[in-house]
Amino acid sequence: AQSVTQLGSHVSVSEGALVLLRCNYSSSVPPYLFWYVQYPNQGLQLLLKYTSAATLVKGINGFEAEFKKSETSFHLTKPSAHMSDAAEYFCAVSAGNDYKLSFGAGTTVTVRA
Amino acid sequence: ETGVTQTPRHLVMGMTNKKSLKCEQHLGHNAMYWYKQSAKKPLELMFVYNFKEQTENNSVPSRFSPECPNSSHLFLHLHTLQPEDSALYLCASSQQTVNTEAFFGQGTRLTVV
Numbered sequence: 009a010q011s012v013t014q015l016g017s018h019v020s021v022s023e024g025a026l027v028l029l030r031c032n033y034s035s036s037v038p039p040y041l042f043w044y045v046q047y048p049n050q051g052l053q054l055l056l057k058y059t060s061a062a063t064l065v066k067g068i069n070g071f072e073a074e075f076k077k078s079e080t081s082f083h084l085t086k087p088s089a090h091m092s093d094a095a096e097y098f099c100a101v102s103a104g105n106d107y108k109l110s111f112g113a114g115t116t117v118t119v120r121a
Numbered sequence: 013e014t015g016v017t018q019t020p021r022h023l024v025m026g027m028t029n030k031k032s033l034k035c036e037q038h039l040g041h042n043a044m045y046w047y048k049q050s051a052k053k054p055l056e057l058m059f060v061y062n063f064k065e066q067t068e069n070n071s072v073p074s075r076f077s078p079e080c081p082n083s084s085h086l087f088l089h090l091h092t093l094q095p096e097d098s099a100l101y102l103c104a105s106s107q108q109t110v111n112t113e114a115f116f117g118q119g120t121r122l123t124v125v
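Chains as they are written, first to last, in the working numbering: chain R, 9 to 121; chain W, 13 to 125.
Just chain W, with the same shape it has in the complex:
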């Protein structure tokens, strides 16, 4: 069983659809993150949760809505996305938010049509 599991692995959605990405970590970590990885661009940190509380939102458009019901689960709700939102969305977790490595899931490849 992998430490951080993301579902689905692939998602194709229309611009008017609503979908959700799910992340679950089995590592007992307290912090969870969403990253966006687009072709030819550096990894972008989107959201940070620490002990279920959102501690960072890096100016992410409101069409992306995160939810963290507990320290083991993280969701990213998607609605009215644009084609430029197509990317690999990576979830990660870490024991703490300071000076520690993050463990990543395998990502969800999102295509917006």
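Extracted from the complex, chain R is given alone in its bound form:
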């Protein structure tokens, strides 16, 4: 079975500081990995996805994530936080015939002025 674990349910950063959200996955086959963002009372929006091509994936809004097989990780980063980055972020995995997107519990990001 596949799963993801997001480390830290809440991250607080200063405006302009690095944003780092951690995600570790478990899968017996090569995974497809995704990061989604959710603003209050909105649906989930895809930020970026890894589909076995380049290990460094660039997404929207200045976010990027790096797939590290040796560490089974897919951490999300943004060099400089903006107030508009305050939201909840979800890591998700889909692998093999177990097609269900499995979501992590989410990490809430707050940005301090």
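These aren't lab readings, by the way, just hints derived from the structure by calculation. There may be inaccurate statements among the hints.
Unchecked claim - As a list, the in silico SDA-like pairs of lysine to any residue whose alpha-carbon atoms are at most 25 Å apart: (1) R:Lys-108 - W:Asn-29; (2) R:Lys-76 - W:Val-110; (3) R:Lys-66 - R:Gln-53; (4) W:Lys-53 - R:Thr-118; (5) W:Lys-52 - R:Leu-28; (6) R:Lys-57 - W:Lys-48; (7) R:Lys-108 - W:Glu-65; (8) R:Lys-77 - W:Asn-111; (9) R:Lys-108 - W:Arg-75; (10) R:Lys-76 - W:Thr-112; (11) R:Lys-66 - R:Ala-94; (12) W:Lys-48 - R:Lys-77; (13) W:Lys-31 - R:Asn-49; (14) W:Lys-64 - W:Ser-84; (15) W:Lys-31 - W:Asn-62; (16) R:Lys-108 - W:Asn-69; (17) W:Lys-34 - W:Ser-83; (18) W:Lys-48 - R:Arg-30; (19) W:Lys-48 - R:Val-21; (20) W:Lys-53 - R:Lys-66; (21) W:Lys-53 - R:His-83; (22) W:Lys-64 - R:Gly-104; (23) W:Lys-52 - R:Val-27; (24) W:Lys-52 - R:Val-21.
What the hints assert, rightly or not - Counterexamples of contact, computed for chain W against chain R with all Cβ distances above 12 Å: (25) Gln-18; (26) Gly-26; (27) Lys-30; (28) Gly-40; (29) Lys-64; (30) Glu-79; (31) Asn-82; (32) Leu-90; (33) Pro-95; (34) Asp-97; (35) Thr-109; (36) Ala-114; (37) Gly-119; (38) Val-125.
Where is the CB? At the ideal position from N, CA and C, for every residue including glycine.
Once you have looked at the hints, place chain W on chain R.
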């Protein structure tokens, strides 16, 4: 026009009421999903439809009844709900059910009184 549209955005219903949630996708996708998002809980997959056929029901109580008349439309019929069913209900679609991202609607905020 958004890719996945859900109506209504907000719904308040009594425990004896019958109501329906509607989802429509304009992306030409073949798979559609219902998710439940409750406060402080991970995203829960409820139902999966692929080419109009239900392929997954994650032990959802029978007071939730899905309907998929075609690949573009998905309904969730609600009856005799409980207060603990209050949540954000998210519809999503994807091109296929394997190793691909899902696109989400904005959700219906359901309150059962």
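Hints not upheld, ascending by number: 1, 12, 19, 20, 25, 35, 36 and 37
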